[in-house]
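2 protein chains.
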Amino acid sequence: MEKIEIKRHSLAHILASAVKKLYPEAKFGIGPAVENGFYYDFGNLKISDNDLQKIESEMRKLASQNLPFERKEVSKEEAQNLFKDQPYKLELLKELNNISIYKSGDFIDLCAGPHISSTKEINSDSFKLTKTAGAYWKGDEKNAMLTRIYGLAFENKKALADYLKLQQEAEKRDHRKLGAQLDLFMLDEEAGQGLPIWLPKGAFIRKIIENYLYNELISEGYNWLYTPHIGNLNLWKTSGHWNFYKENLYSPIQIEEEQYLLKPMDCPFHLKAYKSKIRSYKELPIKYAEFGTVYRYERSGTLHGLTRVRGFTQDDAHLICTPEQMPKELEKLVRHGLKILKNFGFKEFNIYLSTRPEGSAGTDEGWEKATNTLKQVLSKLKLKFQIDAGGGVFYGPKIDIKIKDSLGREWQCTTVQFDFNLPEKFKLRYVDKDGREKEPFMIHRALLGSFERFFGVLIEHYAGAFPLWLSPVQAWIMPISKAQNKFAKTVNQKLKENGLRVELKDENDTLGKKIREGQIQKIPYLLVIGEKEVKSNSVSVRDRKKGDLGKMKIIKFIAKAKEEMEKKK
Amino acid sequence: MEKIEIKRHSLAHILASAVKKLYPEAKFGIGPAVENGFYYDFGNLKISDNDLQKIESEMRKLASQNLPFERKEVSKEEAQNLFKDQPYKLELLKELNNISIYKSGDFIDLCAGPHISSTKEINSDSFKLTKTAGAYWKGDEKNAMLTRIYGLAFENKKALADYLKLQQEAEKRDHRKLGAQLDLFMLDEEAGQGLPIWLPKGAFIRKIIENYLYNELISEGYNWLYTPHIGNLNLWKTSGHWNFYKENLYSPIQIEEEQYLLKPMDCPFHLKAYKSKIRSYKELPIKYAEFGTVYRYERSGTLHGLTRVRGFTQDDAHLICTPEQMPKELEKLVRHGLKILKNFGFKEFNIYLSTRPEGSAGTDEGWEKATNTLKQVLSKLKLKFQIDAGGGVFYGPKIDIKIKDSLGREWQCTTVQFDFNLPEKFKLRYVDKDGREKEPFMIHRALLGSFERFFGVLIEHYAGAFPLWLSPVQAWIMPISKAQNKFAKTVNQKLKENGLRVELKDENDTLGKKIREGQIQKIPYLLVIGEKEVKSNSVSVRDRKKGDLGKMKIIKFIAKAKEEMEKKK
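Heads up: the protein sequence lines correspond to chains A and B, in order.
First residue of the first sequence: 2, per this note's numbering; consecutive thereafter.
First residue of the second sequence: 2, per this note's numbering; consecutive thereafter.
Because the hints were derived from the structure by calculation, they are not lab data.
Glycine included, C-beta positions come from ideal geometry on N, C-alpha and C.
Treat the hints loosely; a few may be bogus.
[What the hints assert, rightly or not] Cut-off 20 Å, straight-line C-alpha distance, at most; resulting in silico cross-link-like pairs (EDC-like, lysine to aspartate or glutamate): (1) Lys283/A <-> Glu221/B; (2) Lys247/B <-> Glu257/A; (3) Lys276/A <-> Glu217/B; (4) Lys497/A <-> Glu221/B; (5) Lys278/A <-> Glu190/B; (6) Lys278/A <-> Glu191/B; (7) Lys276/A <-> Glu191/B; (8) Lys283/B <-> Glu156/A; (9) Lys283/A <-> Asp510/B; (10) Lys202/B <-> Glu96/A; (11) Lys247/A <-> Glu257/B; (12) Lys515/B <-> Glu284/A; (13) Lys4/A <-> Glu156/A; (14) Lys434/B <-> Glu508/A; (15) Lys238/B <-> Glu156/A; (16) Lys434/A <-> Glu92/B; (17) Lys426/A <-> Asp184/B; (18) Lys276/A <-> Asp184/B; (19) Lys497/B <-> Asp510/A; (20) Lys426/A <-> Glu190/B; (21) Lys278/A <-> Asp189/B; (22) Lys143/B <-> Glu258/A; (23) Lys283/A <-> Glu217/B; (24) Lys497/A <-> Glu217/B; (25) Lys202/A <-> Glu211/B; (26) Lys283/B <-> Glu284/A; (27) Lys434/A <-> Glu508/B; (28) Lys283/A <-> Asp184/B; (29) Lys208/B <-> Glu221/A.
[Unchecked claim] Derived contacts from chain B toward chain A, CB cut-off under 7 Å, selection only: (30) Leu196; (31) Leu226; (32) Ile521.
[As the list claims (entries may be wrong)] Listed next, with one range per pair, are the computed distances between beta-carbon atoms: (33) Lys329/A <-> Asp163/B: 55 to 65 Å; (34) Lys385/B <-> Glu498/A: 47 to 57 Å; (35) Lys490/B <-> Val432/A: 24 to 34 Å; (36) Asn244/B <-> Lys348/A: 46 to 56 Å; (37) Ala484/B <-> Gln260/A: 54 to 64 Å; (38) Asn244/B <-> Tyr353/A: 45 to 55 Å; (39) Lys47/A <-> Gln260/B: 16 to 26 Å; (40) Gln260/A <-> Asn244/B: 21 to 31 Å.
Model the full structure from these sequences, guided by the hints.
Here it is, written out as structure tokens:
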């Protein structure tokens with residue numbers, strides 16, 4: 002266990018100790034360390050967030066007292082006696098055999114540890130209580146509702162402050178909030194939970210991304226497919242998904258004598274396309290790509306904006322090749338994936354190589370060979386990577402590329418997965434040079450992952466201020482008064498003819514109001530036109546980030562914008 | 002009843018009469034006129050298509066005998082006696098009250114008529130038996146299987162010959178056959194009935210069409226949406242589709258406490274997008290567009306290639322505007338629809354205005370006003386149209402534009418439908434100039450209809466030889482011998498850089514074989530490169546339609562191809 006986790010766990014005890022002092026009637030549930038902090042669940046405790054300050058003060062008092070954490074092993078009888086007034090502890094005791102308790106000051110808890118040796122190890126500026134919430138005892142809604150108190154804890158004051166700042170920044174960038182503010186997408190429970198509707202501005206950005214990716218993939222030799230969103234259930238029985246992933250699949254729809262499944266993945270259709278003909282080694286590699294919308298069940302409680310949904314569109318592809326072609330194809334694939342991600346403005350990546358999990362398909366030899374191939378490809382590309390032992394899929398090892406966003410948070414995007422299972426299950430074949438039928442190798446891959454999640458990440462990464470090539474509206478043209486309306490119209494026309502996405506804002510509002518609205522809408526350029534600009538065939542350019550850039554000839558602004566648009570590629 | 006229908010019906014009797022002569026033990030079912038001909042169902046008749054010639058000869062003999070068709074009314078008892086050996090006729094008799102029989106020569110049939118007065122009215126060259134097939138008595142699979150004999154019949158020999166020629170041509174152009182031959186799409190019963198998979202070449206064409214349409218619509222001021230393929234069932238309960246179209250909808254999927262429907266149409270999602278904000282009259286008209294894939298139940302027996310499927314993608318749009326804006330918007334819409342269809346190479350259109358059906362939503366006044374608006378728009382555009390009385394949808398009148406393909410067949414494409422129902426059901430509102438909330442008007446429209454059906458029609462219209470801008474591969478570059486391979490590569494590169502979709506065919510096959518293969522694949526241009534072409538920086542151009550165009554400088558071919566690509570717009 003990491004040191005900070007031990008501290009967090011000990012802080013949970015200190016929290017309980019403080020509560021015991023202030024609310025002697027409280028009953029104690031459990032209090033673990035969690036990511037970034039800790040919590041403790043209490044019965045018979047009626048408090049609100051307003052009471053947290055008082056509890057926090059009491060904790061600081063305890064933390065400053067240099068109280069030792071003393072461990073003791075006790076018999077079940079001793080423990081039952083010790084916790085005779087604590088029904089939740091008694092319930093926990095029933096399932097325990099080796100019982101240890103921890104004592105810190107007046108507070109004794111049933112706990113396996115480990116803990117810090119003394120409260121002096123805790124810097125009293127390094128933690129903070131954040132909120133209260135209801136939580137069912139043991140997470141079961143049939144049990145009593147307890148009061149959970151959450152806290153944050155870090156090594157020191159600065160780390161806590163940094164985290165709080167990051168949180169605040171993350172809240173400002175929350176894609177759900179910005180999605181509504183900028184009219185990018187909507188989630189409407191009446192329409193369907195976890196089923197986003199892309200509103201015009203978001204849809205426009207998605208279309209730019211789709212076109213960019215489509216052109217990239219076509220020039221990389223991918224073949225496009227369109228496949229349906231339902232298919233005969235037998236497809237996924239054959240693939241094994243019905244068996245392995247059933248809890249994430251929806252109930253089949255009966256159509257006449259057949260059962261159809263809302264498609265959870267595209268692979269079986271792509272393999273059907275492969276099998277539409279006898280294939281020769283000369284045709285390989287075949288790379289099928291599709292923007293495939295798939296549906297997977299997630300519990301309604303776990304749904305979250307665009308990043309956890311029930312329906313999403315993968316930038317999906319399947320690569321089918323001879324065993325000899327695999328290393329080179331993998332190399333191209335990883336290189337291409339990184340290029341794409343970089344073009345969206347991401348600069349840091351964490352790469353993971355996931356190895357064989359329990360109960361997986363394929364042979365030891367196959368797994369070893371495939372895993373080594375993946376390793377060699379990453380080494381050849383001089384990419385640092387971490388091993389995620391046992392993190393592979395049931396059908397093969399994989400490479401995951403996770404991006405780090407502007408707040409340093411990690412997001413899963415690109416995945417490149419070997420598949421030992423489907424070529425066999427769907428009896429894929431190709432006729433080799435020697436005239437014999439052989440089984441090809443197969444790769445699943447997605448570069449962005451899903452448009453929904455990737456867009457959610459993009460929104461937060463850029464805080465809604467998308468780069469010029471992705472901005473649905475790139476500039477507003479704002480005449481100061483009616484006298485400039487005619488010239489503004491000409492400018493509008495001229496910029497449009499040059500492929501720029503501009504809007505003419507000649508409403509009768511004040512310039513100040515328009516500028517504020519443009520800033521809220523995160524418009525990259527606000528082009529102000531007054532008398533002087535008309536005379537000099539110019540616009541005054543206000544850059545979203547750099548502020549006022551001064552007067553600029555129209556032709557120069559067009560060149561500047563075009564240059565910026567090209568930057569990504 | 003039209004005269005030709007009466008003849009066809011009489012020919013069914015003559016067929017039965019011939020069968021009676023040749024196979025006295027046969028039992029008689031029913032024999033109606035159908036589109037282009039007639040059929041008759043027989044029990045206890047074991048024949049094959051090989052026997053049709055004999056039967057046809059016998060029919061001609063009868064037809065040349067000037068036999069009168071004599072009608073007589075009889076009592077049920079007389080009829081039962083007359084048909085005592087004819088079990089199917091006896092069964093039919095049970096349900097009849099006013100009974101008439103027709104006698105022609107030795108053959109008497111239970112029949113309401115009308116018929117020709119004598120067989121001399123039939124030109125014995127104007128009909129033809131085509132095939133036999135099994136058919137259940139009364140179409141019920143629980144009944145006996147009878148033998149159905151089909152025949153064609155027209156006014157005269159020429160009309161029959163024309164029809165047969167058209168049929169032959171249509172068979173050659175059958176999109177199911179060409180779809181397989183050209184690798185455009187596949188239908189795989191194991192993957193799912195009525196659920197096409199677009200193979201790379203077909204998908205490539207679809208992408209061209211999608212991009213073309215998308216750009217057209219964006220420049221027409223449409224706003225794009227992406228919406229999910231399932232939604233809460235309540236959406237379609239609210240819209241009324243669950244009630245009106247239930248037989249075409251799939252069973253809902255249970256997700257936790259809710260029911261979700263595989264989406265049969267996009268409208269409710271588009272209305273949700275409209276309702277994501279309070280709307281002002283200043284924002285109207287709002288035009289939402291989406292390539293929305295929808296799913297509707299069709300009986301497996303009625304599925305047909307791409308033209309009758311269970312899942313298809315509509316080029317769907319919804320226009321929401323003030324009542325005052327409607328005429329102008331409708332005009333733009335119809336004009337734009339025709340422009341698009343013309344750009345795909347269709348030249349003839351039949352336009353229908355469908356009026357109020359029984360049991361529809363809305364008021365008399367509303368229907369009259371809307372129908373008149375549609376009429377006025379068509380008149381203003383100087384478009385001829387026919388009235389389809391009572392052919393409107395339950396929610397409003399509509400304009401349908403049907404295209405005529407190169408064989409003169411009519412296909413439904415563009416539909417523009419008024420909707421009185423949804424604005425009310427979904428409580429759509431906008432704030433008008435006077436500050437009051439009002440209900441907007443609404444139009445559903447699709448220009449191509451569905452990509453699937455439109456593509457099926459395109460394949461048949463062009464017999465697979467798509468115009469240059471739609472061709473996935475526009476030219477093959479074919480060096481005559483290895484000596485020209487290097488130059489051929491340069492040409493390949495040069496054409497690609499100029500945005501042409503070309504393939505280098507430098508395999509070690511004979512030129513003759515490559516040309517034949519290119520013709521089968523309907524490649525628009527085959528570019529042959531020999532010694533002379535290398536020397537003169539040229540290619541010899543073989544046009545798919547016009548044949549050999551001779552040697553042409555590369556730069557000239559590029560200009561020619563680019564010009565042809567632009568033609569559509």
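Evaluation of the provided hints:
1. Lys283/A <-> Glu221/B: The given pair, whose Cα atoms are some 45 Å apart, is violated under the 20 Å limit.
2. Lys247/B <-> Glu257/A: 15 Å, holds
3. Lys276/A <-> Glu217/B: 36 Å, violated
4. Lys497/A <-> Glu221/B: Holds - the C-alpha atoms of Glu221/B and Lys497/A are around 14 Å apart, at most 20 Å.
5. Lys278/A <-> Glu190/B: Holds: Lys278/A and Glu190/B sit about 16 Å apart, inside 20 Å.
6. Lys278/A <-> Glu191/B: 15 Å, holds
7. Lys276/A <-> Glu191/B: Holds, at about 12 Å.
8. Lys283/B <-> Glu156/A: 56 Å, violated
9. Lys283/A <-> Asp510/B: Roughly 15 Å separates the two Cα atoms, so the pair holds.
10. Lys202/B <-> Glu96/A: 64 Å, violated
11. Lys247/A <-> Glu257/B: Cα-Cα ~15 Å, so holds.
12. Lys515/B <-> Glu284/A: 17 Å, holds
13. Lys4/A <-> Glu156/A: Holds, because 9 Å separates the two Cα atoms, which is no more than 20 Å.
14. Lys434/B <-> Glu508/A: 15 Å, holds
15. Lys238/B <-> Glu156/A: 56 Å, violated
16. Lys434/A <-> Glu92/B: Cα-Cα ~67 Å, so violated.
17. Lys426/A <-> Asp184/B: 24 Å, violated
18. Lys276/A <-> Asp184/B: 12 Å, holds
19. Lys497/B <-> Asp510/A: Violated, at roughly 50 Å.
20. Lys426/A <-> Glu190/B: 18 Å, holds
21. Lys278/A <-> Asp189/B: Status holds; Cα separation ~12 Å.
22. Lys143/B <-> Glu258/A: Distance ~18 Å between Lys143/B and Glu258/A Cα, so the pair holds.
23. Lys283/A <-> Glu217/B: 39 Å, violated
24. Lys497/A <-> Glu217/B: 15 Å, holds
25. Lys202/A <-> Glu211/B: This hinted pair holds, its Cα atoms lying about 19 Å apart.
26. Lys283/B <-> Glu284/A: 56 Å, violated
27. Lys434/A <-> Glu508/B: OK: Lys434/A and Glu508/B at ~15 Å, within 20 Å.
28. Lys283/A <-> Asp184/B: 17 Å, holds
29. Lys208/B <-> Glu221/A: Holds, at about 17 Å.
30. Leu196: 4 Å, holds
31. Leu226: 6 Å, holds
32. Ile521: With a minimum Cβ separation of about 15 Å from chain A (threshold 7 Å), the hint on Ile521/B is violated.
33. Lys329/A <-> Asp163/B: 55 to 65 Å: 59 Å Cβ-Cβ, so the 55 to 65 Å window holds.
34. Lys385/B <-> Glu498/A: 47 to 57 Å: At roughly 37 Å between Cβ atoms, Glu498/A and Lys385/B fall outside 47 to 57 Å, so the hint is violated.
35. Lys490/B <-> Val432/A: 24 to 34 Å: Given range 24 to 34 Å: holds, Cβ gap about 27 Å.
36. Asn244/B <-> Lys348/A: 46 to 56 Å: 55 Å, holds
37. Ala484/B <-> Gln260/A: 54 to 64 Å: Because 60 Å falls inside the window, the suggested range holds.
38. Asn244/B <-> Tyr353/A: 45 to 55 Å: 52 Å, holds
39. Lys47/A <-> Gln260/B: 16 to 26 Å: At roughly 39 Å between Cβ atoms, Gln260/B and Lys47/A fall outside 16 to 26 Å, so the hint is violated.
40. Gln260/A <-> Asn244/B: 21 to 31 Å: Since the Cβ atoms of Gln260/A and Asn244/B sit about 26 Å apart, the hinted range of 21 to 31 Å holds.
Figure legend: structure checked against the earlier numbered hints; hints not met, in rising order: 1, 3, 8, 10, 15, 16, 17, 19, 23, 26, 32, 34 and 39.
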